[in-house]
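2 protein chains.
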Amino acid sequence: MAVTLSSVADVCALARRASRTLAQTDTATKNAALQAIATALRARTEEILAANELDLIAGREADIGAALLDRLALDEARIESIARAVEAIAALGDPVGETIDGHRLPNGMDVRKVRVPLGVIAVVYEARPNVTIDAAALCLKSGNAIVLRGSSSAANSNAVLCSIAAHAAAGAGLPDGSIGLVAGGGRSELAELATQDDTIDLLIPRGGENLKAALKDVASVPVIYAASGNCHVYVDASAEIEQALAIVLNAKTQRPGVCNAAETLLVHESLVSSFLPEALKRLSAAGVQLRVDESTARLADEVGVQVQAALPEDWDTEYLAMTLAVALVEDTERAIEHIARHGSGHSEAILTKDTGSARAFQLGVDAACVYVNASTRFTDGGEFGMGAEIGNSTQKLHARGPIGLRELCTFKYLIEGDGHVRL
Amino acid sequence: MAVTLSSVADVCALARRASRTLAQTDTATKNAALQAIATALRARTEEILAANELDLIAGREADIGAALLDRLALDEARIESIARAVEAIAALGDPVGETIDGHRLPNGMDVRKVRVPLGVIAVVYEARPNVTIDAAALCLKSGNAIVLRGSSSAANSNAVLCSIAAHAAAGAGLPDGSIGLVAGGGRSELAELATQDDTIDLLIPRGGENLKAALKDVASVPVIYAASGNCHVYVDASAEIEQALAIVLNAKTQRPGVCNAAETLLVHESLVSSFLPEALKRLSAAGVQLRVDESTARLADEVGVQVQAALPEDWDTEYLAMTLAVALVEDTERAIEHIARHGSGHSEAILTKDTGSARAFQLGVDAACVYVNASTRFTDGGEFGMGAEIGNSTQKLHARGPIGLRELCTFKYLIEGDGHVRL
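Chains as they are written, first to last, in the working numbering: chain A, 1 to 423; chain B, 1 to 423.
Derived from the structure by calculation, the hints contain no laboratory data. Please read all numbers here as calculations on a predicted model, not as lab measurements. Careful, some of the hints might be misleading.
Claimed, not checked - Cβ-Cβ distance ranges computed for the label pairs, FRET-style: (1) 171/B to 103/A: 29 to 39 Å; (2) 197/B to 312/A: 20 to 30 Å; (3) 341/A to 171/B: 27 to 37 Å; (4) 286/B to 217/A: 49 to 59 Å; (5) 353/A to 423/B: 17 to 27 Å; (6) 171/B to 337/A: 21 to 31 Å; (7) 423/B to 104/A: 45 to 55 Å; (8) 184/A to 419/B: 42 to 52 Å; (9) 62/A to 176/B: 51 to 61 Å; (10) 110/A to 269/B: 28 to 38 Å.
As the list claims (entries may be wrong) - Simulated pairs of lysine-lysine, PhoX-like, Cα-Cα distance not exceeding 25 Å: (11) 216/B to 212/A; (12) 353/B to 113/A; (13) 281/B to 353/B; (14) 353/A to 113/B; (15) 216/B to 216/A; (16) 281/A to 353/A; (17) 113/A to 113/B; (18) 216/A to 212/B.
As the list claims (entries may be wrong) - Incomplete in silico selection of chain A near chain B, CB under 10 Å: (19) 106; (20) 107; (21) 113; (22) 222; (23) 240; (24) 246; (25) 247; (26) 366; (27) 368; (28) 411.
Backbone N, C-alpha and C define an ideal beta-carbon position, used for all residues, glycine too.
The following block holds chain A by itself, in its conformation from the complex (with noise of 0.2 Å):
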């Protein structure tokens, strides 16, 4: 595990050279690599427990939650689960040496824009063990070299994932530094690995705001900030009743604590009879706590379903949780105007039957995603035929969206003439 003890700059640079000899392997090559480290994980879970079981220990004794404990523990079965995503990612098409774009210009000159690696991925991350394999794959299958810079209570578990995946790449002639360790979870490590402006091509936070914010302070290298996501359901005046309530259900409940989790409910006001009550009374059945403002409140109150008055505030949370804002509006362009103000720019629905309700909030909606008559928990590199994701990001330049293979490349411009010089 000798990555494990080297510097930041010099698993950069070590890195950084591999960068160069992966940018050009082939895609055999690299799936095979790719096999080989399912088939080493598979072959070395005693080792993996085995690791694991310290940071479990370490945790259990510096008191770190239960929640925190289940992200970080491995079994077999989630160690096979792990596997079988790399193998996926092997199944997935390369998206290096795709050809974006081409043409023939007026002097004869043949130009074509063709995808090709970005060079060197840095992923910071949070407790899951699971990343460190999840993001080498990705970053591997994409021509990339990867450096990955995890907790300091995952460390033992990232140290050996990391090296049994190292030594497997290796194996199948992938070169050295293609997947490099940066030891030590501290803020001054994340520092250092977020100012190596000459080697470093992207970095990509996976955790919670207080990495973010750490980050933003300090880092020069191109970084690409994974979601939050407030995301909305706006319910029609003309939306199907049925299908409004199961999405407005799904959008919420489905999974409560990801980015793509409905956070605020905006319902047509001519809907306050025909689907308004009946879909407080499920959501309340279902435990979620409505947060609602005053005319909803009215409204709950002579259904007899619990609420709460929403608070300014409430409009602008992202609650992951079992949470939801409802609020009455005008008409689409209210609720446009809503989103607008406080929305994510991550996922947003309509549920309509009108095509112009629907054109309009998909051209008017600013954002990632912007759904008709869907649940907003579609928003996944897996859910869009991408196959998998690093991330989601809500930022408008380069990646919108699910981050997958293509987004962790980027292109060159591949000129051919025959002695073309210009006038």
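Assemble chain B onto chain A, guided by the hints.
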């Protein structure tokens, strides 16, 4: 000219509001606005020249130098050419609404990835007043609002140009605030503009290294830095000699002051007698100062061409002048190595008849544009058929190479279902 009297934040907020309408404005309306701007520029030429004269007088008093005065100066011909450039941008295809990708998911939902404007683009620039109109036209055509911040030396010219364009655009139906001008060319206005995270989606600096350095220190909004180009031409063993001579001369001398001009010539060592002497003679005769490695110096001495010994920093220098560094290399791999170490990732060319060398160079060189048997001088949005460009990017995220209309856009995913929920 009320726009120029508002605070930076006010100009940006107004632009943000305008951007929501602009994003949905159809192509015909945008084109009519651009035509109105061109017409107004011609009709109000006297007014523009009078304002420009004030800047020129101030410039002469402040002794800003002949080069800067020339860049600052407008005349009827220059205004006509600015107006024509606007008409040329109106004639380009509209990038907004283009479907980039799309497919039906296994569950029946349709996903489309559609190009949309970024929103508000800030452009900060130095003396040339023509940038005011050029940048505004590109941003409007791509559905973005623009906030301009020019230099104080062109304050009067920029204010009049901006006012004329803003009035013409508003008269043609574009929303107020589509074109905003930040008054004052000071560093505090720059810092204020570069930190308007809530309103500015992208900031593009068009200026020298000082401007970039000033921005790097303060900018919190996304910035695409225009490129510096330390471009190389590598003449391979198998190059066709006359073709190579013509391309090298073109790449260095056709317009030495721009970022896609060649700064270093790399020559395969087998060409010491067939190509290099003639190249040195022709370059020298064309007025190019040569900074050469030891072997080349010996050869130059033999053939009577005056050269200087290259210093280590010469390999990293973007001369932007009639100066060229020259080195012999052992093979294509060494040429690629040299470029990896010293290049700025802008434009690199190999001149060769050998398919293996051509392929190795195109795969191995990490740059925005990699040429085979053509001059680096073609890296340009106009030459590439993108119609126009607002600059050239050497960064890898979002835009690499010429920044045209499409690069001033982002995209969103539009998803259509029929009651789809995630299982």
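message: Hints numbered earlier in the text: which of these fail when held up against the supplied structure?
response: Those not satisfied: there are none.
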